[in-house]
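> Spelled out from the first residue to the last, the chains are:
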Amino acid sequence: GENVEQHPSTLSVQEGDSAVIKCTYSDSASNYFPWYKQELGKRPQLIIDIRSNVGEKKDQRIAVTLNKTAKHFSLHITETQPEDSAVYFCAAKEVGTGRRALTFGSGTRLQVQP
Amino acid sequence: GAGVSQSPSNKVTEKGKDVELRCDPISGHTALYWYRQSLGQGLEFLIYFQGNSAPDKSGLPSDRFSAERTGGSVSTLTIQRTQQEDSAVYLCASSLAAGQNSPLHFGNGTRLTVT
Numbered sequence: 001g002e003n004v005e006q007h008p009s010t011l012s013v014q015e016g017d018s019a020v021i022k023c024t025y026s027d028s029a030s031n032y033f034p035w036y037k038q039e040l041g042k043r044p045q046l047i048i049d050i051r052s053n054v055g056e057k058k059d060q061r062i063a064v065t066l067n068k069t070a071k072h073f074s075l076h077i078t079e080t081q082p083e084d085s086a087v088y089f090c091a092a093k094e095v096g097t098g099r100r101a102l103t104f105g106s107g108t109r110l111q112v113q114p
Numbered sequence: 001g002a003g004v005s006q007s008p009s010n011k012v013t014e015k016g017k018d019v020e021l022r023c024d025p026i027s028g029h030t031a032l033y034w035y036r037q038s039l040g041q042g043l044e045f046l047i048y049f050q051g052n053s054a055p056d057k058s059g060l061p062s063d064r065f066s067a068e069r070t071g072g073s074v075s076t077l078t079i080q081r082t083q084q085e086d087s088a089v090y091l092c093a094s095s096l097a098a099g100q101n102s103p104l105h106f107g108n109g110t111r112l113t114v115t
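Quick note, the sequences are listed as chains A and B, same order. If you use our numbering, the first sequence corresponds to residues 1 to 114, in order. If you use our numbering, the second sequence corresponds to residues 1 to 115, in order.
I should point out that these hints are in silico values taken from the structure, not numbers from a laboratory. Bear in mind that the values here come from a model prediction, so they are computed numbers and not experimental data. The beta-carbon is built from N, C-alpha and C at its ideal position, and this holds for glycine as well. Be aware that a few hints might be false.
Said to hold, decoys possible - Using 27 Å as the maximum straight-line C-alpha spacing, the simulated BS3-like pairs for lysine-lysine come out as follows:
id: 1; chain 1: A; residue 1: Lys71; chain 2: B; residue 2: Lys11
id: 2; chain 1: A; residue 1: Lys22; chain 2: A; residue 2: Lys68
id: 3; chain 1: A; residue 1: Lys42; chain 2: A; residue 2: Lys68
id: 4; chain 1: A; residue 1: Lys68; chain 2: A; residue 2: Lys37
id: 5; chain 1: A; residue 1: Lys68; chain 2: B; residue 2: Lys11
id: 6; chain 1: B; residue 1: Lys17; chain 2: A; residue 2: Lys37
id: 7; chain 1: B; residue 1: Lys57; chain 2: A; residue 2: Lys57
id: 8; chain 1: A; residue 1: Lys71; chain 2: B; residue 2: Lys57
id: 9; chain 1: B; residue 1: Lys57; chain 2: B; residue 2: Lys17
id: 10; chain 1: A; residue 1: Lys57; chain 2: A; residue 2: Lys68
Claimed, not checked - Which residues of chain A face chain B? A partial, calculated answer using Cβ under 10 Å:
id: 11; residue: Val4
id: 12; residue: Gln6
id: 13; residue: Leu46
id: 14; residue: Phe89
id: 15; residue: Ala91
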């Protein structure tokens, strides 16, 4: 099955700086890569996703990049703000057959220092 | 309801007892997932249901764990003879269709504490 590795496990940045979280996946059949944000005590929520037919996607201050050859993808947050502090999870899935569940990475705890 | 609903929100049980956790997915969502999140850890896949297909049980950690989904809607996760290592937050999620890149909508989870 799919295995998703995520790093770093914790990340502390100063407000206004950029943050980068990286993930690798093992199953070359995976073609859908979402990112979820989980604030303290709350449920995970989708913030952005990317499909394998594109290499980059951007939504305001967040962007994701995907390298299918190397089987890794990254989340980039620019101009970080204290409200970006949360745990971020990457995930991977093969979409098409509907037989596989979403496999999550172990999470990155981002702390934005004001 | 508007979102995924889970009950109870908190459950404290004694070691060796059985527990049942309930999930009401968003109406119309055909895919339903159970994940487990231990304190400060990631999201561990347990089981998922897609329509009338056989569920993917590959994530269940032992035969003490089982789940069912009746009528393609409500799901129940049952843990028999609970152990202390079962203590975690159990998250349910649903999506419109598992075969597409439909986002998962998570419930608030059930925090299980086994004493």
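> Against this structure, judge whether each hint is valid.
How the hints compare with the structure:
no.	hint	in the structure
1	A:Lys71 with B:Lys11	40 Å, violated
2	A:Lys22 with A:Lys68	14 Å, holds
3	A:Lys42 with A:Lys68	32 Å, violated
4	A:Lys68 with A:Lys37	23 Å, holds
5	A:Lys68 with B:Lys11	42 Å, violated
6	B:Lys17 with A:Lys37	34 Å, violated
7	B:Lys57 with A:Lys57	33 Å, violated
8	A:Lys71 with B:Lys57	26 Å, holds
9	B:Lys57 with B:Lys17	22 Å, holds
10	A:Lys57 with A:Lys68	14 Å, holds
11	Val4	9 Å, holds
12	Gln6	8 Å, holds
13	Leu46	4 Å, holds
14	Phe89	6 Å, holds
15	Ala91	8 Å, holds
Of the numbered hints listed earlier, those contradicted by the structure are 1, 3, 5, 6 and 7.
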